[in-house]
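**Q** Sequence:
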Amino acid sequence: MSSRLMAVTALLAAAAIGLSGCSGTPSAESPRAVSSGSMSVASTVPAAPPSPECAAAPVPGFDCDLQNRVAAVQQYLGTRPGTTGVVLHDLQSGAVWENDHAKDPTWTASTIKLAMVVDLFTRDRSGEIHLTDDDRTLIQSMLHSSNDDAADTLWYRYAGGDHLSFNDNFAAYGMTGLVPQRGFSEYYPYWGFQKCTPEDLDRLIHYVLTDLPADERGYIVGQLRSVDPNQQWGVWGAGPAAQPGNKDGWSEEQGGWVMNTVGFVGPDTRFTLVVMNNLRGQGDYNAGRETVTQVAKLLFDGRY
Numbered sequence: 005m006s007s008r009l010m011a012v013t014a015l016l017a018a019a020a021i022g023l024s025g026c027s028g029t030p031s032a033e034s035p036r037a038v039s040s041g042s043m044s045v046a047s048t049v050p051a052a053p054p055s056p057e058c059a060a061a062p063v064p065g066f067d068c069d070l071q072n073r074v075a076a077v078q079q080y081l082g083t084r085p086g087t088t089g090v091v092l093h094d095l096q097s098g099a100v101w102e103n104d105h106a107k108d109p110t111w112t113a114s115t116i117k118l119a120m121v122v123d124l125f126t127r128d129r130s131g132e133i134h135l136t137d138d139d140r141t142l143i144q145s146m147l148h149s150s151n152d153d154a155a156d157t158l159w160y161r162y163a164g165g166d167h168l169s170f171n172d173n174f175a176a177y178g179m180t181g182l183v184p185q186r187g188f189s190e191y192y193p194y195w196g197f198q199k200c201t202p203e204d205l206d207r208l209i210h211y212v213l214t215d216l217p218a219d220e221r222g223y224i225v226g227q228l229r230s231v232d233p234n235q236q237w238g239v240w241g242a243g244p245a246a247q248p249g250n251k252d253g254w255s256e257e258q259g260g261w262v263m264n265t266v267g268f269v270g271p272d273t274r275f276t277l278v279v280m281n282n283l284r285g286q287g288d289y290n291a292g293r294e295t296v297t298q299v300a301k302l303l304f305d306g307r308y
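First residue of the sequence shown? That's 5 in the working numbering, and the numbers climb one at a time after it.
Hints were generated in silico from the structure; no laboratory data involved. Keep in mind that the hints are not guaranteed to be accurate.
[Unchecked claim] Cross-link-like lysine-lysine pairs, in silico, DSS-like; alpha carbons within 27 Å at most: (1) K107 x K301; (2) K199 x K301; (3) K107 x K199.
Put together the whole structure using the sequences plus the hints.
**A** Structure, rendered in structure tokens:
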């Protein structure tokens with residue numbers, strides 16, 4: 005054996021002796037120093053990031069981040085004027101969260117215009133009516149800027165001799181709790197004086213996104229995503245990255261202001277959200293608008 009090879013062999017043997025006192029397996033969760041004489045070698049395997057803890061009781065189908073956001077909404081609403089009904093629906097998992105006021109009858113204000121559009125498209129498709137170019141312009145105006153004159157024209161034109169054609173059909177689109185209100189207009193029922201619950205609007209937007217033919221659904225989704233600036237609140241609070249779309253409604257009714265929003269969130273319209281704020285004389289338009297917009301922001305801002 006050459007002198008050089010003998011030297012290398014001796015060095016390897018010394019290293020083996022120096023390491024012989026080490027025992028066990030390095031932890032996968034933390035660094036461990038392995039000593040060899042005066043030299044220290046650190047061996048590190050990164051630990052998996054901790055999962056976020058759920059601050060609230062589990063909502064089946066919601067991840068912990070969304071459950072924590074729901075808890076934040078509940079806390080926030082406890083500080084706001086009036087009462088607010090909320091329904092959050094994940095169309096992918098089927099998970100639904102609703103608060104204690106989700107069954108409260110509340111003035112629909114202009115959110116009922118969305119149901120009117122669904123009914124007009126449905127009756128036109130069946131051949132019961134024939135929508136003209138003028139009708140379609142009015143429909144676009146109702147969705148884009150919540151034009152009341154457009155809603156009046158379409159209601160009077162297509163409500164039928166007994167004025168019930170719209171209301172007779174609304175339940176088929178999920179508005180089973182909708183009740184027209186007497187004593188507020190000579191023309192009864194009238195779109196502007198009706199009450200429903202947040203659950204009704206949840207079923208309506210679910211119907212729009214899952215039951216309408218693709219062309220009608222695509223048209224409504226496109227319109228709700230490009231509403232006039234006076235409609236860009238409520239569900240719009242989810243933030244532009246979430247590609248929200250909404251139909252808002254607001255009015256000062258018997259009992260005070262109501263501020264409502266119904267719409268969807270996500271590039272794939274995965275989530276639907278309904279918020280109906282009945283201020284009960286405790287606040288005005290600005291207070292209600294802030295409340296329903298902040299709910300959407302708390303739930304979705306930063307998730308997309």
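**Q** Hints first: check each against the structure and report whether it holds.
**A** Each hint, compared with the structure:
1. K107 x K301: 23 Å, holds
2. K199 x K301: Judged against 27 Å, a Cα distance of about 26 Å means the pair holds.
3. K107 x K199: The hint holds at about 11 Å.
In summary, this structure violates none of the numbered hints.
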